[in-house]
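Participant: Listed here are the chains, written in short residue letters.
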Amino acid sequence: MGGESLPLRNRPERWPLLACWELPLGADQRPADGYRRVTEVGDVTVARDGRGSGSWPLTAPALTASGVVKAFGGRRVLDGIDLAVRPGEVVGLVGENGAGKTTLLRICAGLTAPDAGSVQVGGRVGYCPQEPGLLDLLTADEHLVYFGAALGLDRAAAVAAGRRVLEEFGYPVADRKVTRRLSGGTRQKLNLALALLGDPAVLLLDEPYQGFDRGVYVNFWDHVDAWRAAGKAIVIVTHMLAELSRVDRVVELAVARPVAASASARAGKSAG
Amino acid sequence: MPTFVRRSLTAAEMQARQLLRRRLSLYILVALPLALYLSTLTNGEESAIQFGALGMGWSVASAALFSVLAARAVEPRLVLAGYRPAELMMGRFLLLLGIGAILGGIGAVGMTLVSGPASEGALLASCALVPLVSVALGLAVGAVLPHDLEGVLVIIGVVGVQLSLSQSSWLNLLLPLDGPIQLAYRAGGLPADPVVPMLVHALVSTVLLLSVAAAVWSRKVRVGHPRVHPEPVRAAGAARRPASIRVPIPSWRFEPLAVRSDLRPPARRSYERTRP
Numbered sequence: 002m003g004g005e006s007l008p009l010r011n012r013p014e015r016w017p018l019l020a021c022w023e024l025p026l027g028a029d030q031r032p033a034d035g036y037r038r039v040t041e042v043g044d045v046t047v048a049r050d051g052r053g054s055g056s057w058p059l060t061a062p063a064l065t066a067s068g069v070v071k072a073f074g075g076r077r078v079l080d081g082i083d084l085a086v087r088p089g090e091v092v093g094l095v096g097e098n099g100a101g102k103t104t105l106l107r108i109c110a111g112l113t114a115p116d117a118g119s120v121q122v123g124g125r126v127g128y129c130p131q132e133p134g135l136l137d138l139l140t141a142d143e144h145l146v147y148f149g150a151a152l153g154l155d156r157a158a159a160v161a162a163g164r165r166v167l168e169e170f171g172y173p174v175a176d177r178k179v180t181r182r183l184s185g186g187t188r189q190k191l192n193l194a195l196a197l198l199g200d201p202a203v204l205l206l207d208e209p210y211q212g213f214d215r216g217v218y219v220n221f222w223d224h225v226d227a228w229r230a231a232g233k234a235i236v237i238v239t240h241m242l243a244e245l246s247r248v249d250r251v252v253e254l255a256v257a258r259p260v261a262a263s264a265s266a267r268a269g270k271s272a273g
Numbered sequence: 006m007p008t009f010v011r012r013s014l015t016a017a018e019m020q021a022r023q024l025l026r027r028r029l030s031l032y033i034l035v036a037l038p039l040a041l042y043l044s045t046l047t048n049g050e051e052s053a054i055q056f057g058a059l060g061m062g063w064s065v066a067s068a069a070l071f072s073v074l075a076a077r078a079v080e081p082r083l084v085l086a087g088y089r090p091a092e093l094m095m096g097r098f099l100l101l102l103g104i105g106a107i108l109g110g111i112g113a114v115g116m117t118l119v120s121g122p123a124s125e126g127a128l129l130a131s132c133a134l135v136p137l138v139s140v141a142l143g144l145a146v147g148a149v150l151p152h153d154l155e156g157v158l159v160i161i162g163v164v165g166v167q168l169s170l171s172q173s174s175w176l177n178l179l180l181p182l183d184g185p186i187q188l189a190y191r192a193g194g195l196p197a198d199p200v201v202p203m204l205v206h207a208l209v210s211t212v213l214l215l216s217v218a219a220a221v222w223s224r225k226v227r228v229g230h231p232r233v234h235p236e237p238v239r240a241a242g243a244a245r246r247p248a249s250i251r252v253p254i255p256s257w258r259f260e261p262l263a264v265r266s267d268l269r270p271p272a273r274r275s276y277e278r279t280r281p
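Sequence lines, in order, name chains A and B. Quick note: the first sequence uses this note's numbering, first residue 2, plus one each step. Quick note: the second sequence uses this note's numbering, first residue 6, plus one each step.
Looking at chain B on its own, in the form it has when it is part of the complex (with noise of 0.2 Å):
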């Protein structure tokens, strides 16, 4: 397996075993879209379609920024080890698709069931498109702001402008998951502007904040120096380090400190508390 894949696979799997411990994260992950998506319900299936797939960019895009700032601290270090930045993005990115995936699957499943679309294909796409461009702007917002309270306050921004904007609103172009909410909009049966400039919004929005993620992350955990020979050389002629300061370790050193009764705590005395 090439050194890239096999690196950003241990990198996806790392996080992926982070995630999968923070339980209450992923039943909350779950939960917002399914909570937005029934909640709208009795205003009508169109709507409810809608705020479903919002509710998902919601999810992953938080879930893509928290997994970017939690690894802050730890990645430059990782990098110093050995790890590309290419690599530690591109496992973070395979394991957040594949949890956009299955929280797209999941609602395209659940709405088709409970709303019965007008159009099963555009629900199906933009059940596959909102956690695609949702991964790209978590990634983005985490990369460029430097703390969580930013980025989630950008993310809320943007899903709220997102759901205030009337669908004729040409400002709705200037937002990244314009193009599969006007997918959901025709899932809905509602008028809709046309599938491929929809299609394209999507994967161009999708491609600038991968750019933006990968161009300010990359310098962010860069290490700096030049590494100018291999390894230290040793001058012509020089003499190896006298033998005499060569500090060798006794054994005892390696004895497990139980062993070692002069490092045992002392024992314990017992002691009353007294009453004045």
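Just chain A, with the same shape it has in the complex (with noise of 0.2 Å):
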């Protein structure tokens, strides 16, 4: 691909338990005037870094998570996290189990209250938790309905936009199972497909591709490029590094340590 190297930046003091790469990027997939794209771990600032003529849509964020905090039985999870996404912008999170990028999301989604900071979204939410959030006994066309009363569908419109969005993910919309004789895998198509229902402007998967075979999940990421190219704000949750080049920025969320420990840590590792 013959990628360039950039350099690692400094850790910002501030943030101690964050870092910050750039990932090299080949040429081809480096857009043409004049931007790099930038792997960002514990992002809290925009990662574009425009340069040239043109400048990167300054548009307001379509989602803006401001200081979140949480914890869960007095480990601190989520520790004064910043997040802004754009609209036509891709985010990928990333992070080891228990570092919280469910409970970011969900945060962002509003499902669960943070113990500090807030967010703030620009538009309708789709959210795709990790674990298809489905009623076991109804059909997907039932599904369809249910979510798009909410959006003011009728039943034939929100059964037809569903089923555009199943027929895409090769969903056997034929079918007329309930969920719950459903592989995983097919649920999770559904899944997706409730989140998608009436175009949200902000889009929030958790590892939404779980259980896809491979054409599909091929199918998937190139479903982001086009949900990307309509405008949406997107974050995904993901441990499919090798997909990290087809997002615009990475945030990693560390699991927390305890400020003490790491900093005696850095201090041992500097003296070593």
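Quick caveat, the hints were computed from the structure, so don't treat them as lab data. Positions of the beta carbon are idealized from the N, C-alpha and C atoms, including for glycine. Hints are not guaranteed to be accurate.
[Stated by the list, open to error] Computed Cβ-Cβ distance ranges for the label pairs, DEER-style:
1. B:Val209 <-> A:Asp116: 53 to 59 Å
2. A:Gly212 <-> B:Ala91: 31 to 37 Å
3. B:Leu208 <-> A:Gly212: 45 to 51 Å
4. B:Met6 <-> A:Gly68: 41 to 47 Å
5. B:Arg28 <-> A:Asp214: 47 to 53 Å
Each chain sits in its own coordinate frame; assemble them with the hints.
Facilitator: Here you go:
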């Protein structure tokens, strides 16, 4: 690919648990007008680094999380996280198990209340949870009608809109099984279709491709590109590091450790 | 049709569809009060009507409890999609009330035919109020308690204590099903409290339990953050996204998978299991 290696950035001292690096990209992946894609870890600011004549679209963020703090059982999982995602931007959220990726996504969706901080969204949010949040004894069409009614869609419109997405992901729409009888991957396709129903401005996807077969998985990332082009602000929790070149920014959440311990570890490392 | 009504009816319809697919649950829903009633018939008509009413309450409260718990994971998402918590709650309430009315109707007709109650009006009122209070009880327990085991135990406890208390105990007043059960006593020809306080007790219990259910449940499913602006706003003078990094979707991506030879599974090879 001939990608260029970019130097590791200094870790900002005020975020002791976070680090930043820039991802080397191949020439074919780099935007032609002087932009570089920046992979950020523990991102708090707009990562796009505009150079050259054209400016990156300076739209207001469609999703802004500021100073989000969340603790569970005395352990602070999220410690002052800031995140801004603009329309037409795809952010990959990565991190170890227990780092708080799902919690951050749920807070961004408004489903979990943060202990401190705030989230603002500029439009409707489509949320695709990691575990398909489906009703076991309803069919796909009934799910579409149920969710569609919330969006003001009548039955035919909801089913038509949902089936369009489902067909693109290879869902057997003619099959009228209740979701309990579907495979995990098929349930996940419906889960994703429900998140996309009503054309949301912000898409929060928590490992949305779990159980997808290879063809649908490839197709999924192509759809991400299409959603980006349509101006959606997208956050994807992913463990598929090979696909990080397809997102605009990567935000890694580190597992929170006591600040004193990490400071002493740093001191020991520098002394060594 | 107003949005609130339309969405509530949609919610009720979807919950009804789920319930109708649980046929075994439906059979048990009817069988439980019937079994309690028939098994106590030998002890006398009076206690049989009381046990039949309590069994009905048990069934309906359990159905309400499980309808809340089964949808707990999904309903925050429905609220995120645009439902108001009150719409989902109303849909559930309407459905359960309908089920309760059917069950109460079957109970009233059956007990009238078999037992020949002393007061048919009291029996009718009891069979109407038991499902009403029980729906409220099940919704409240489902909203407050986190898991089905705790919920079932609480409902068993409430019904069990109601059964074990003597009719004259003042503790009866603290139990939500006391009003309708006193009416069942009256229907069986036993001395019971005056009718009006019983009706008031039933209605107050229903309102209190529904208030608890609505308050706690709405808190659990609410979606938290404010929407600052309805649509993303493009800053003045900002350029659109450079066309060069837009990614068009090639047409093959929407073709059926079967067309794509590269995604077909390899031909299956036959093999033989060899015996050692």
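Participant: If a hint holds in the structure, say so; if it does not, say that too.
Facilitator: Verification of the hints:
no.	hint	verdict
1	B:Val209 <-> A:Asp116: 53 to 59 Å	violated, 38 Å
2	A:Gly212 <-> B:Ala91: 31 to 37 Å	holds, 35 Å
3	B:Leu208 <-> A:Gly212: 45 to 51 Å	holds, 50 Å
4	B:Met6 <-> A:Gly68: 41 to 47 Å	holds, 43 Å
5	B:Arg28 <-> A:Asp214: 47 to 53 Å	violated, 34 Å
This entry does not satisfy hints 1, 5, going by the numbered hints stated previously.
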